[in-house]
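In this text, residue positions in the sequence shown follow the numbering used here: the first is 48, and each later residue adds one.
Errors might be hidden in some of the hints.
[As the list claims (entries may be wrong)] Listed next, with one range per pair, are the computed distances between beta-carbon atoms:
1. D128 to E71: 17 to 23 Å
2. T95 to R130: 17 to 23 Å
3. G120 to N165: 23 to 29 Å
4. R130 to D184: 30 to 36 Å
5. I112 to T189: 17 to 23 Å
6. E69 to D119: 17 to 23 Å
It is worth saying that the hints were derived from the structure and are not from the lab.
All values reported here derive from a predicted model rather than from experimental measurement.
Backbone N, C-alpha and C define an ideal beta-carbon position, used for all residues, glycine too.
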Amino acid sequence: MSDSQPQPPELKAAERLIGAWEIEATHVGLPGAFIKGQVTFEWLEGRTFLIQRSRYDHPEIPDAIAITGVTDGRLSMHYFDVRGVHRVLAVSINERQWRFWGDVGPFHQRFTGKLSQNGDTIEGQSQLSHDGTNWEDDLTITYRRAADTRPAQQRP
48 MSDSQPQPPE LKAAERLIGA WEIEATHVGL PGAFIKGQVT FEWLEGRTFL IQRSRYDHPE
108 IPDAIAITGV TDGRLSMHYF DVRGVHRVLA VSINERQWRF WGDVGPFHQR FTGKLSQNGD
168 TIEGQSQLSH DGTNWEDDLT ITYRRAADTR PAQQRP
(Lines of atoms letter the chains of each structure in order from A; the text may use other names.)
(Lines give C-alpha, C1' and ligand atoms only; values in the text may rest on other atoms or scores of the structure.)
Protein backbone atom coordinates (compact mmCIF):
# COMPACT_ATOMS: atom_id res chain seq x y z
CA MET A 48 0.00 0.00 0.00
CA SER A 49 1.32 3.42 -0.94
CA ASP A 50 0.63 6.74 0.73
CA SER A 51 1.55 8.84 -2.31
CA GLN A 52 1.69 12.59 -1.92
CA PRO A 53 0.56 15.03 -4.60
CA GLN A 54 3.31 16.48 -6.76
CA PRO A 55 4.72 19.61 -5.11
CA PRO A 56 3.81 22.69 -7.18
CA GLU A 57 7.47 23.77 -7.08
CA LEU A 58 8.27 20.78 -9.33
CA LYS A 59 5.58 21.36 -11.96
CA ALA A 60 7.91 23.21 -14.36
CA ALA A 61 10.46 20.36 -14.11
CA GLU A 62 8.19 18.44 -16.50
CA ARG A 63 10.03 20.32 -19.28
CA LEU A 64 13.23 18.46 -18.34
CA ILE A 65 11.80 14.93 -18.55
CA GLY A 66 13.53 12.82 -21.19
CA ALA A 67 17.01 12.14 -22.56
CA TRP A 68 19.47 14.86 -23.52
CA GLU A 69 22.86 15.02 -25.27
CA ILE A 70 25.47 17.21 -23.59
CA GLU A 71 28.23 19.35 -25.08
CA ALA A 72 30.41 21.32 -22.67
CA THR A 73 33.66 23.13 -22.06
CA HIS A 74 35.40 23.64 -18.73
CA VAL A 75 37.86 26.42 -17.85
CA GLY A 76 40.08 23.89 -16.08
CA LEU A 77 40.32 21.76 -19.24
CA PRO A 78 41.48 24.15 -21.99
CA GLY A 79 40.80 22.82 -25.48
CA ALA A 80 38.68 19.90 -24.25
CA PHE A 81 35.27 19.41 -25.81
CA ILE A 82 33.18 17.36 -23.39
CA LYS A 83 30.28 15.19 -24.52
CA GLY A 84 27.83 13.24 -22.47
CA GLN A 85 24.23 12.30 -21.80
CA VAL A 86 21.72 13.13 -19.10
CA THR A 87 18.28 11.74 -18.39
CA PHE A 88 15.55 13.21 -16.24
CA GLU A 89 12.72 11.05 -14.95
CA TRP A 90 10.17 11.10 -12.17
CA LEU A 91 10.38 8.80 -9.20
CA GLU A 92 7.05 7.02 -8.97
CA GLY A 93 4.54 9.48 -7.53
CA ARG A 94 6.25 12.46 -9.25
CA THR A 95 7.44 13.93 -5.95
CA PHE A 96 11.14 13.63 -6.82
CA LEU A 97 13.02 14.27 -10.06
CA ILE A 98 15.92 11.91 -10.79
CA GLN A 99 18.77 13.20 -12.96
CA ARG A 100 21.49 10.82 -14.21
CA SER A 101 24.53 12.34 -15.95
CA ARG A 102 27.33 10.55 -17.82
CA TYR A 103 30.32 12.26 -19.38
CA ASP A 104 32.92 10.87 -21.76
CA HIS A 105 35.77 12.87 -20.18
CA PRO A 106 37.61 11.34 -17.20
CA GLU A 107 37.87 14.69 -15.37
CA ILE A 108 34.10 15.29 -15.34
CA PRO A 109 32.40 12.90 -12.89
CA ASP A 110 29.30 10.88 -13.70
CA ALA A 111 26.58 11.76 -11.22
CA ILE A 112 23.04 11.32 -10.00
CA ALA A 113 20.94 14.10 -8.51
CA ILE A 114 17.56 13.92 -6.84
CA THR A 115 15.46 17.08 -6.67
CA GLY A 116 12.40 17.53 -4.51
CA VAL A 117 10.92 19.53 -1.68
CA THR A 118 12.81 18.77 1.52
CA ASP A 119 12.62 20.79 4.72
CA GLY A 120 10.06 23.04 3.05
CA ARG A 121 12.19 24.11 0.08
CA LEU A 122 13.09 22.82 -3.35
CA SER A 123 16.55 21.28 -3.18
CA MET A 124 18.86 18.95 -5.07
CA HIS A 125 20.88 16.16 -3.48
CA TYR A 126 23.86 15.56 -5.78
CA PHE A 127 26.10 12.47 -5.66
CA ASP A 128 29.00 11.62 -7.98
CA VAL A 129 31.43 8.78 -8.62
CA ARG A 130 34.13 10.49 -6.53
CA GLY A 131 31.94 10.09 -3.44
CA VAL A 132 31.02 13.79 -3.41
CA HIS A 133 27.61 14.72 -1.95
CA ARG A 134 26.21 18.25 -2.14
CA VAL A 135 22.86 19.76 -1.23
CA LEU A 136 21.88 22.72 -3.39
CA ALA A 137 18.88 25.04 -3.51
CA VAL A 138 16.87 24.84 -6.76
CA SER A 139 14.41 26.95 -8.70
CA ILE A 140 12.79 26.09 -11.98
CA ASN A 141 10.20 27.77 -14.15
CA GLU A 142 9.18 27.60 -17.81
CA ARG A 143 12.29 29.48 -18.99
CA GLN A 144 15.03 28.93 -16.41
CA TRP A 145 16.52 26.16 -14.25
CA ARG A 146 18.83 27.26 -11.44
CA PHE A 147 20.68 25.66 -8.55
CA TRP A 148 23.14 27.14 -6.08
CA GLY A 149 24.79 26.64 -2.73
CA ASP A 150 27.73 26.96 -0.39
CA VAL A 151 29.36 23.57 -0.98
CA GLY A 152 32.38 23.49 1.29
CA PRO A 153 35.46 25.42 0.24
CA PHE A 154 33.53 27.33 -2.45
CA HIS A 155 30.14 28.58 -3.58
CA GLN A 156 28.56 27.14 -6.72
CA ARG A 157 25.72 28.31 -8.95
CA PHE A 158 24.23 27.21 -12.25
CA THR A 159 21.77 28.91 -14.56
CA GLY A 160 20.24 27.06 -17.50
CA LYS A 161 18.04 28.91 -19.99
CA LEU A 162 15.42 26.75 -21.69
CA SER A 163 14.63 27.42 -25.33
CA GLN A 164 11.11 28.37 -26.38
CA ASN A 165 10.48 24.91 -27.89
CA GLY A 166 11.98 23.15 -24.85
CA ASP A 167 14.60 21.22 -26.83
CA THR A 168 17.74 23.11 -25.74
CA ILE A 169 19.14 24.34 -22.45
CA GLU A 170 22.09 26.76 -22.49
CA GLY A 171 23.80 26.58 -19.12
CA GLN A 172 26.60 28.25 -17.20
CA SER A 173 28.08 27.00 -13.93
CA GLN A 174 30.11 29.40 -11.82
CA LEU A 175 32.29 29.17 -8.70
CA SER A 176 33.19 31.70 -6.03
CA HIS A 177 35.62 31.42 -3.14
CA ASP A 178 34.16 34.43 -1.29
CA GLY A 179 30.49 34.43 -2.34
CA THR A 180 30.96 37.77 -4.11
CA ASN A 181 33.38 37.34 -7.02
CA TRP A 182 32.22 34.67 -9.47
CA GLU A 183 34.19 32.84 -12.17
CA ASP A 184 32.80 30.78 -15.03
CA ASP A 185 33.38 27.06 -14.54
CA LEU A 186 31.42 24.73 -16.84
CA THR A 187 29.65 26.02 -19.95
CA ILE A 188 27.13 23.40 -21.04
CA THR A 189 24.50 22.88 -23.71
CA TYR A 190 21.80 20.24 -23.36
CA ARG A 191 20.02 19.14 -26.56
CA ARG A 192 17.01 16.89 -26.32
CA ALA A 193 17.75 13.45 -27.80
CA ALA A 194 15.26 12.71 -30.60
CA ASP A 195 11.78 13.51 -29.31
CA THR A 196 11.90 12.30 -25.74
CA ARG A 197 9.50 14.92 -24.39
CA PRO A 198 6.49 13.62 -22.50
CA ALA A 199 3.56 13.01 -24.89
CA GLN A 200 1.56 16.00 -23.62
CA GLN A 201 4.42 18.35 -24.60
CA ARG A 202 4.85 17.11 -28.17
CA PRO A 203 3.53 19.23 -31.05
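Now for the hints, and whether the structure bears them out:
At about 19 Å, the CB distance of D128 to E71 agrees with the hint of 17 to 23 Å. Take T95 and R130: their Cβ atoms lie about 28 Å apart, and the range 17 to 23 Å is violated. About 33 Å separates the C-beta atoms of G120 and N165, a value inconsistent with the hinted range of 23 to 29 Å. For the pair R130 and D184, the supplied restraint of 30 to 36 Å is violated, since their beta-carbon distance comes to about 22 Å.
A beta carbon spacing of about 21 Å between I112 and T189 agrees with the range 17 to 23 Å that was offered as a hint. For the pair E69 and D119, the beta carbons lie near 34 Å from each other, so the given range of 17 to 23 Å is not met.
Hint check: violations occur at hints 2, 3, 4 and 6; the rest are consistent with the structure.
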